[in-house]
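Student: Chain by chain, the residues:
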Amino acid sequence: MTDKIYVPADYVPILIQSLVALGFVALTMFATHFISSKRKRIRTLRKDENFECGIEVQGNARFPFSVKYFLVAILFVLFDVEIIFFYPWAINFLQMEWREFFVMLLFVALLLFGFYYIYEKGALEWNNDE
Amino acid sequence: MKAIIALSILAVLNMFFGVRKMKKVLLPLIFIGLIITMILNISDWGKSVHYFNEMFIADNFSIAFSSVLILIGILIFMFANIYYKGVERPLEDIYALILFAIIGGIVMASFGNLILFFVGLETLSISFYVLAGSKKFDIASNEAAMKYFLTGSFATGFLLFGIALVYGVSGSFNLEAINTYILGCNGNVPMIFIAGMLLIFIGMSFKIAAVPFHFWSPDVYTGSPTLITAFMTTAGKVASIAAFYRLITIAFISLHSELTTTLTVIAVLTIIVGNLSAVYQDNLKRMFAYSGVAQSGYLLMALIVLGPKSAGILLFFVLSYVIATITAFAVLMLIREERGTFFIPAFRGLAKNNPVEAFAMAIAMMSLAGIPPLAGFMAKYNLFVLTAEGGYTWLVVVAVIGSMISIYFYFKPILASYFSEGEPQHKIESSVNFKINILVLSILMILLGFLPQVIINLL
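Residue numbers (this note's numbering), protein chains in the order written: chain A, 290 to 419; chain B, 862 to 1320.
Below 16 Å or equal to it, Euclidean Cα-Cα: the simulated EDC-like pairs (lysine to aspartate or glutamate) are:
| no. | chain 1 | residue 1 | chain 2 | residue 2 |
| --- | --- | --- | --- | --- |
| 1 | B | Lys996 | B | Glu1198 |
| 2 | A | Lys410 | B | Asp954 |
| 3 | B | Lys1288 | B | Glu1198 |
| 4 | B | Lys882 | A | Glu409 |
| 5 | B | Lys996 | B | Asp1080 |
| 6 | B | Lys882 | B | Asp954 |
To be clear, the hints were calculated from the coordinates, so they are not data collected in a lab.
Could you put the whole structure together from the sequences, leaning on the hints where they help?
Tutor: Next up, the structure:
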């Protein structure tokens, strides 16, 4: 790896890739104009809507919602990420010493402390309506 | 390493006591913890231990800068109860974030691997983003947090892209291995490596608020809570400049002669723009933001000429800057609390009614401006001598002109408190404890001015 000197010509594939990406956009935009019907284009309410997998749009997405959803979403992400540490640990468990076991115990202890903290702070209380 | 573990345990304990509503325990616990951390940190002095496949290197340089960071923590918590006077909440989250930011700073001062460097930088930055917005119902604080977060994550993106390019070309994250790679190129370093290095430089310049990447700093430093501003200007700058020094002296040392042009341009611009912008500020907090920009320029000068003593001089400069800035911010906090403003007229007649506070403020400002025989003067003197010996006489001339400009704005509060005409403001009540603290810091600034070699010869 270290003995190869890279010259600008080595990056031609990247250039081709970007040209293909740009070209695809330009081509499809041109093609849709070309193959669409010759009639004068009609704008309707339905046509101007955002495309949502064919399902009709219901209302507006921008309405106020309870911040508790946000809080729970954040906490979910936080406690969900532990899996990415647990999974490789579990796969390699048989080859490991006791040291790694205690390292993971420490990690779990810290995680549980975080859980205790948010519990005591009242982040999981749903029923108190200010 | 021991310092990081001790600080983490301290932060978790602090959160535990905070959530149990034991407000009285928190600050004593933090002081004891920080002092233990300091002792543990210094106990590794001279051993140069390498941890985790060269990821974390506890050499003398990193221990010295970690000690400065822990000292910043102690000084900030000294004034925490004055700033948060009358707050009923235990505030354990803010304290814990300050401690975590210090951990990030220590990692940034002792990394041996670009990945760990990035982790440390993010630990520091994310804590700062939250701390900047910790005055939740103040719109300026929200603005500061938002601006800092957006611009900061953008700069982090640059930095990460730079790290990726450097890794892509050299094949290693290890600083020594990168240096070996550069040496193996025989002066024929690929352009893409240079590009990656420059992107890393852009990220670092942003973090130390060097021109032209300083635009975030005035708004962020003005909007954040004052105690947090004092912490951010000191801890952020110390950690970033330590990391920058490590990067340049270990990884990019073989390319240093090519880098000096870039660094010199940034340093000159930073000194001139920082000092000239500070002249026009009436808000003292905003003035401190610009003066912090100018101080980054002086810090960058230590990276341009690398002598055997440049690490020591950098350490001394950083130490004198930290003590002076925190003293000035402590007095500023007291005045803001009483008078409700950061503008110069709030200092009118301070010397008559509050001689101790006025004295400490004057010493701090004179040290920052570089008036002999204070610590700031000795720091600048040694730095300028180092730079001049390296053949950059014109850079020293620019820096001296910058210092002369800075005397104008640093003396504004001194003049207002000692020589102002007109109605003096009423007396400010402050505790004996506060007076002793700022007096000790002032004496420290004077003492350091007489004994600079003690610190400089450490490294």
